[in-house]
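Based on these hints, arrange chains B, C and D on the given structure of chain A.
4 protein chains.
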Amino acid sequence: MFTTTEWPRFTDCDGLGHVSNTILPVWFEEARTPLFKICNPSLKLETWNLILKRVEYELFHQIWHNQKVTIETELEQIGTTSMVVTQRAYQNDHLVASGRTVLIFFDYNTQKPSPIPGTVRGQLEPHIAEPTP
Amino acid sequence: MFTTTEWPRFTDCDGLGHVSNTILPVWFEEARTPLFKICNPSLKLETWNLILKRVEYELFHQIWHNQKVTIETELEQIGTTSMVVTQRAYQNDHLVASGRTVLIFFDYNTQKPSPIPGTVRGQLEPHIAEPTP
Amino acid sequence: MFTTTEWPRFTDCDGLGHVSNTILPVWFEEARTPLFKICNPSLKLETWNLILKRVEYELFHQIWHNQKVTIETELEQIGTTSMVVTQRAYQNDHLVASGRTVLIFFDYNTQKPSPIPGTVRGQLEPHIAEPTP
Amino acid sequence: MFTTTEWPRFTDCDGLGHVSNTILPVWFEEARTPLFKICNPSLKLETWNLILKRVEYELFHQIWHNQKVTIETELEQIGTTSMVVTQRAYQNDHLVASGRTVLIFFDYNTQKPSPIPGTVRGQLEPHIAEPTP
Numbered sequence: 011m012f013t014t015t016e017w018p019r020f021t022d023c024d025g026l027g028h029v030s031n032t033i034l035p036v037w038f039e040e041a042r043t044p045l046f047k048i049c050n051p052s053l054k055l056e057t058w059n060l061i062l063k064r065v066e067y068e069l070f071h072q073i074w075h076n077q078k079v080t081i082e083t084e085l086e087q088i089g090t091t092s093m094v095v096t097q098r099a100y101q102n103d104h105l106v107a108s109g110r111t112v113l114i115f116f117d118y119n120t121q122k123p124s125p126i127p128g129t130v131r132g133q134l135e136p137h138i139a140e141p142t143p
Numbered sequence: 011m012f013t014t015t016e017w018p019r020f021t022d023c024d025g026l027g028h029v030s031n032t033i034l035p036v037w038f039e040e041a042r043t044p045l046f047k048i049c050n051p052s053l054k055l056e057t058w059n060l061i062l063k064r065v066e067y068e069l070f071h072q073i074w075h076n077q078k079v080t081i082e083t084e085l086e087q088i089g090t091t092s093m094v095v096t097q098r099a100y101q102n103d104h105l106v107a108s109g110r111t112v113l114i115f116f117d118y119n120t121q122k123p124s125p126i127p128g129t130v131r132g133q134l135e136p137h138i139a140e141p142t143p
Numbered sequence: 011m012f013t014t015t016e017w018p019r020f021t022d023c024d025g026l027g028h029v030s031n032t033i034l035p036v037w038f039e040e041a042r043t044p045l046f047k048i049c050n051p052s053l054k055l056e057t058w059n060l061i062l063k064r065v066e067y068e069l070f071h072q073i074w075h076n077q078k079v080t081i082e083t084e085l086e087q088i089g090t091t092s093m094v095v096t097q098r099a100y101q102n103d104h105l106v107a108s109g110r111t112v113l114i115f116f117d118y119n120t121q122k123p124s125p126i127p128g129t130v131r132g133q134l135e136p137h138i139a140e141p142t143p
Numbered sequence: 011m012f013t014t015t016e017w018p019r020f021t022d023c024d025g026l027g028h029v030s031n032t033i034l035p036v037w038f039e040e041a042r043t044p045l046f047k048i049c050n051p052s053l054k055l056e057t058w059n060l061i062l063k064r065v066e067y068e069l070f071h072q073i074w075h076n077q078k079v080t081i082e083t084e085l086e087q088i089g090t091t092s093m094v095v096t097q098r099a100y101q102n103d104h105l106v107a108s109g110r111t112v113l114i115f116f117d118y119n120t121q122k123p124s125p126i127p128g129t130v131r132g133q134l135e136p137h138i139a140e141p142t143p
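Just so you know, the protein sequences line up as chains A, B, C and D, in that order.
Position in the first sequence (first residue = 1) + 10 = this note's numbering.
Position in the second sequence (first residue = 1) + 10 = this note's numbering.
Position in the third sequence (first residue = 1) + 10 = this note's numbering.
Position in the fourth sequence (first residue = 1) + 10 = this note's numbering.
Simulated from the structure, these hints should not be mistaken for lab results.
Errors might be hidden in some of the hints.
Because identical chains cannot be distinguished in the list, a pair is counted as satisfied if it fits within a single copy or across any two copies.
[Said to hold, decoys possible] Each computed DSSO-like pair below joins lysine-lysine, with the alpha-carbon atoms no more than 27 Å apart:
1. LYS78 to LYS122
2. LYS122 to LYS54
3. LYS47 to LYS78
Every value quoted in this text rests on a predicted model; they were computed, and no experiment measured them.
Extracted from the complex, chain A is given alone in its bound form:
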């Protein structure tokens, strides 16, 4: 499990005075950086090899600016060309949001999904979450 932090920006709030729901996918994307590094160690755009297929997120509490947000990121499963990431965001010890994202290994030259290489798979597997009982 990867644990990272986000600091809400003033502009992340909307007119209702809380953090806009639309920022959750941005934060969750940032929190997937450790996974991006496994897939594309240089993080260079020219060698980027993932594309996003599906996003789900749910909000449990309003989120406020100027208070740190902690995000936990782990894998739910790894397929042939895809992986499912689950994430949880906490602020002030409350679970404020959860997310689930499907990412596809993608060859931007051929514009097609590509199988996850064995070495990458080997580094991803330790981050698969234990099933909750």
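Relative to chain A, chains B, C and D alone:
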């Protein structure tokens, strides 16, 4: 069904040269404006009466800047305090993304969900989608 | 003079309930699209030939969401490798903001400024503003 | 002088693969937080007492994602109802951008500028930059 258009901004693209997936919730939020007007006719923030509970979206094609996006918005169901909105985004006649959002009627003074008023419900119901066969 | 319109997004507001000042550079960038088209007719990123050097903007009124913004864009001057753009944003017949941007013709391959081609210059010149008396 | 750090988000990049110029005002706003705390110690939106009047920024280098940005913030001058903030952003030991912002003390109830209170002024003054020789 409501049909609205979005024009991708240059800043809606990310470093991969396509529109960032994280913009979909922003566009879908804009495209829900006709529903917001039914719930809160003045659209004023002081009388805002909705809060977002859950978002799902899926991407079918890369989306490019400088080409119009058309969004269709309809209701899937209306509950006691919540409604489920389904949306589809098209660019160049392709379905590029779909979304599903759960919104809750919310009293920002008491910080609690509140029942959908009958008159609002009456105006929302005609926008419930026909079940697809 | 080019006149374009922007529709403030819900997420363009910040926690103070007005449009965030940080959106002005985004809108002004969108409103420079007619100039971008003169410089790079396809608007394709691969042939993009401008880089931003300097931005100034001033705010005269708070700007509200859900009310159209009209932006006027014209040129102040054209140099050997650069041009200066001036812009004004109106909402509800009020001048709400003005902006001034310095753009440089830029060769992303050599990473160096490049002279404005004569044919581009010829198409830009008619958009230089008359000096105000 | 206040020194803070920003971590470019993936979505802060635009289609050209570098950080969008439009993010600079967002980062500079975040970097002014220590000044906001002097003016409004709780940082609560209900007691916010500043409004932005004018922004200038200049870019000296392209800015890349996934590399820390350090921002220096200091005051240029303090007037009766306003202050001028100067800022510099560094990435990889290069000065990548500078900024200058005029902020006005503002009473959101009366919608009018208000004089900077003496105690606030006393705490701001030590952050006025030495004139560069």
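Status of each hint after checking the structure:
no.	hint	in the structure
1	LYS78 to LYS122	between (38 Å within a copy, 25 Å between copies)
2	LYS122 to LYS54	both (19 Å within a copy, 22 Å between copies)
3	LYS47 to LYS78	both (24 Å within a copy, 16 Å between copies)
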